[in-house]
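K.L.:
Letter by letter, the first sequence follows residues 1 to 446 in our numbering.
One thing to keep in mind: the hints can contain errors.
Dumping the calculated PhoX-like pairs for lysine-lysine here, alpha-carbon to alpha-carbon at most 25 Å [to be verified]:
id: 1; residue 1: 353; residue 2: 378
id: 2; residue 1: 134; residue 2: 107
id: 3; residue 1: 300; residue 2: 348
id: 4; residue 1: 426; residue 2: 403
It should be emphasised that the hints constitute simulated quantities derived from the structure, not laboratory data.
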Amino acid sequence: MSVVVRFAPSPTGRMHVGNARVALVNWLFARRHGGSFILRVDDTDTERSREEYTEAIREDLRWLGLLWDRTESQSARMDRYAAAADRLRQAGRLYPCYETPEELEGKRKRQLARGLPPLYDRAALKLTDEEKRKLEAEGRKPHWRFLIERVEIVWDDVVHGEWRFDGAKLNDPVLVRADGQPLFPLSSAVDDIEMGITHVIRGDDHVSTTAAQTQIAPALGAKAPAFAHLPLMSDAGGQGLSKRLGSLSLGEMRADGIEAMAVNSYLARLGSPDPIVPAIRLDELSEGFEVSRLGRAGPKFDLAELRILNAKILALLSYDAVAARLTALSMPRADERFWLAVRGNLEKLADGKQWYAVCHGEVRPVIDDPAFTAAAAKLLPEEPWDERTWSAWTGAVKGATGKSGKGLFMPLRQALTGVDHGPELKNLLPLIGRARALARLGGKTA
RNA sequence: GACCCCAUCGUCUAGCCCGGUCUAGGACGUCACCCUUUCAAGGUGAAGACACGGGUUCGAAUCCCGUUGGGGUCGCCA
Numbered sequence: 001m002s003v004v005v006r007f008a009p010s011p012t013g014r015m016h017v018g019n020a021r022v023a024l025v026n027w028l029f030a031r032r033h034g035g036s037f038i039l040r041v042d043d044t045d046t047e048r049s050r051e052e053y054t055e056a057i058r059e060d061l062r063w064l065g066l067l068w069d070r071t072e073s074q075s076a077r078m079d080r081y082a083a084a085a086d087r088l089r090q091a092g093r094l095y096p097c098y099e100t101p102e103e104l105e106g107k108r109k110r111q112l113a114r115g116l117p118p119l120y121d122r123a124a125l126k127l128t129d130e131e132k133r134k135l136e137a138e139g140r141k142p143h144w145r146f147l148i149e150r151v152e153i154v155w156d157d158v159v160h161g162e163w164r165f166d167g168a169k170l171n172d173p174v175l176v177r178a179d180g181q182p183l184f185p186l187s188s189a190v191d192d193i194e195m196g197i198t199h200v201i202r203g204d205d206h207v208s209t210t211a212a213q214t215q216i217a218p219a220l221g222a223k224a225p226a227f228a229h230l231p232l233m234s235d236a237g238g239q240g241l242s243k244r245l246g247s248l249s250l251g252e253m254r255a256d257g258i259e260a261m262a263v264n265s266y267l268a269r270l271g272s273p274d275p276i277v278p279a280i281r282l283d284e285l286s287e288g289f290e291v292s293r294l295g296r297a298g299p300k301f302d303l304a305e306l307r308i309l310n311a312k313i314l315a316l317l318s319y320d321a322v323a324a325r326l327t328a329l330s331m332p333r334a335d336e337r338f339w340l341a342v343r344g345n346l347e348k349l350a351d352g353k354q355w356y357a358v359c360h361g362e363v364r365p366v367i368d369d370p371a372f373t374a375a376a377a378k379l380l381p382e383e384p385w386d387e388r389t390w391s392a393w394t395g396a397v398k399g400a401t402g403k404s405g406k407g408l409f410m411p412l413r414q415a416l417t418g419v420d421h422g423p424e425l426k427n428l429l430p431l432i433g434r435a436r437a438l439a440r441l442g443g444k445t446a
């Protein structure tokens, strides 16, 4: 049986790292097993769903490289859900309820006040046909609840192991609203069946939906798929992700110069015993990927670790992989030599600007000993220069001044680049060129 | 409030089911040293954890009970 998974976001907001992890895990799982990955937009809530969010989610997924084999929209499948609801009614598993939202809220409040779990009391089940007619004559339209069998619900969760749920403590979920709109527990169960989903990989926050789904699927004459519930991530401070999205949204990370593969590399290994390593292609990540290796405890998403990973990814990228972006970041003369010289010293791609200025722009030299840099300037060889020029030149300076080690190179570095750290000077010097080098050694901004 | 889940170095975790081989292993990060005429990379080394309290046992990170902390769910949202 071929594997089919889906990522089913609701277009009610932008993606953050929590959604991205679920999407990535699904994608890697599909890729690993040669299966397919469906992007299913859960947009049955017409009031909250927005087309712009659908497009934003697609954009974020494309950025990550998590392309889908197929895309579906729940809003286009309303007739399927209506048909399924009819079958459930015929099977006696879907029953009409006439309480208003306010009445239900009142019931919940009273239950809570008495220390009871706020479960629906199934009062509608006791309504006679005559009472129902009377309510409908008053203009009340029913919403429909799925009758949960009060038995123990058990499934073998791929990441969690055996998961048990007491059916008696589960609310009868509303599957169809009074206005006829199907709700998520119905639409997602129907789609999982009809789209042949073999594995539902989603966040821990969906376990109660899963418990209901294990009864809805058989009531619809189908077998429930396998389930894998990922523990929810928290931020570096241990707080839930939903509470503070901002910096953890994919859009912001991207704008901040985080590489998509840094996010993927981090998310693919976080929570597993496998070491987090920089990967520049997704297939490096899918190789050996196992959902079952993911832990049951919720990991923390730490931006500081992501930045470290980002630097390591940049150091691995080829010139071709970044050429267009360097130009877009206003570094038009950044060529392969330049990139290879500086890529190991960047946290973000945009940090390249500092070294771009050293090679192609202006730098204010830092000089403590003008006599020394002046002497060094006199020994500067004629061009053309290559990567051997640096050692030839510094060798000559050493001979003439008697300086060596740090005392030799640091003043030169500070004069040439304005700072005391950076890429290897043997690579930078030819890019700086004789004219600039001469001026900077003489103390001039150039 | 009820129910469910989780709890090992700063972080991600191995070990837990099938107590002893755990003076608790690895990775990232940190620190030191080496190497390098910078940074990084690389090498060597160091510091660093079983949430707490009881119990069972000759022996508990591992089993039991309780506590605490964190998360989730309890919508005519998804």
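K.L.:
Take the hints in turn and mark each one as holding or not.
P.N.:
Status of the hints after comparison with the structure:
Proximity of residue 353 to residue 378 is assessed by CA-CA distance (about 29 Å); at most 25 Å being required, the pair is judged violated. Proximity of residue 134 to residue 107 is assessed by CA-CA distance (about 22 Å); at most 25 Å being required, the pair is judged to hold. Of the pairs offered as hints, the one joining residue 300 and residue 348 holds, with about 22 Å between alpha carbons and a cut-off of 25 Å not exceeded. Using a Cα cut-off of 25 Å, the hinted pair residue 426 and residue 403 holds, with the two alpha carbons roughly 18 Å apart.
Going through the hint list in order, the structure does not satisfy hint 1, though it satisfies all others.
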